[in-house]
Amino acid sequence: ENKLKKLLKCPYCQSTLTNLTIKKEHHSLRYYVCPKNMNEAYHTCPFKGINAQMIETEVLNTCKAYCNNQSFHDKLNETILKALKRQQMKHRQSHLTQEQLIEKLAQNQIDIETFKHLSAGSESEERYSNYSHKQITKTIRHIIKDKLTLETIAPFIDCINITQTKQLQGIYFKNSPLNIVEQSHLITPERNEVI
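Those letters in the sequence shown? Residues 2 to 196, per the numbering used here, in order.
Hints are not guaranteed to be accurate.
Derived EDC-like pairs: lysine to aspartate or glutamate, alpha-carbon spacing no greater than 20 Å straight-line [claimed, not checked]:
1. Lys117 with Glu100
2. Lys148 with Glu57
3. Lys175 with Asp159
4. Lys10 with Glu59
5. Lys10 with Glu152
6. Lys4 with Glu152
7. Lys167 with Glu59
8. Lys167 with Glu183
9. Lys175 with Glu57
10. Lys6 with Glu57
With beta-carbon atoms standing in for the labels, derived distance ranges [to be verified]:
11. Ile103 with Thr150: 46 to 52 Å
12. Glu2 with Ile81: 32 to 38 Å
13. Asn69 with Lys7: 23 to 29 Å
14. Met39 with Asn70: 36 to 42 Å
15. Thr150 with Gln99: 39 to 45 Å
16. His118 with Asn69: 37 to 43 Å
17. Lys148 with Tyr13: 34 to 40 Å
18. Thr98 with Ala66: 41 to 47 Å
19. Thr164 with Glu26: 29 to 35 Å
20. Ser120 with Asp159: 39 to 45 Å
21. Leu151 with Leu82: 25 to 31 Å
Think of the hints as simulated: they come from the structure by calculation, not from any bench. Beta carbons: idealized from backbone N, C-alpha and C, even for Gly.
Kindly produce the complete structure, drawing on both the sequences and the hints.
What follows is the structure, given as structure tokens:
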């Protein structure tokens, strides 16, 4: 149930925070705690922990704000369009045109099943090549608006940093140097400083 497991870093010692669940009579309390403070023998770190529900909600809201940002959509669209163009070029190089297929079928060089299979491939190429920038943006916005959860976004997160005052300081996606907290314009200079 702890959705940010192995992603949160201790603001004091940079250890990976671990989960702690305290069971009450009618509910449970969940925390992310520093392992260097949990064990009586350690207590080498002053950071006790952070409420799991609070930080999970803040991380999700920040990710949603970032993903709803127009520059995010522009970058994503550009990446998708480049991938589609690469796929089309590869497809064109490795597949015959419809005219060539008809000619090969007429000369009995291919059978009807092969013709159908290769024709379907060229039809899907045409479908993909007709996607516009606006269609891609609309589809991405719909998916992000309705479907973005911590379960779906957590596998793409490399690490999450918090301040010593338990404020969200940084969310970094895998293979990306960008701090999306700053990119989301949700961080103020005061929140970014370590006290």
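Legend entry - List of violated hint numbers, smallest to largest: none
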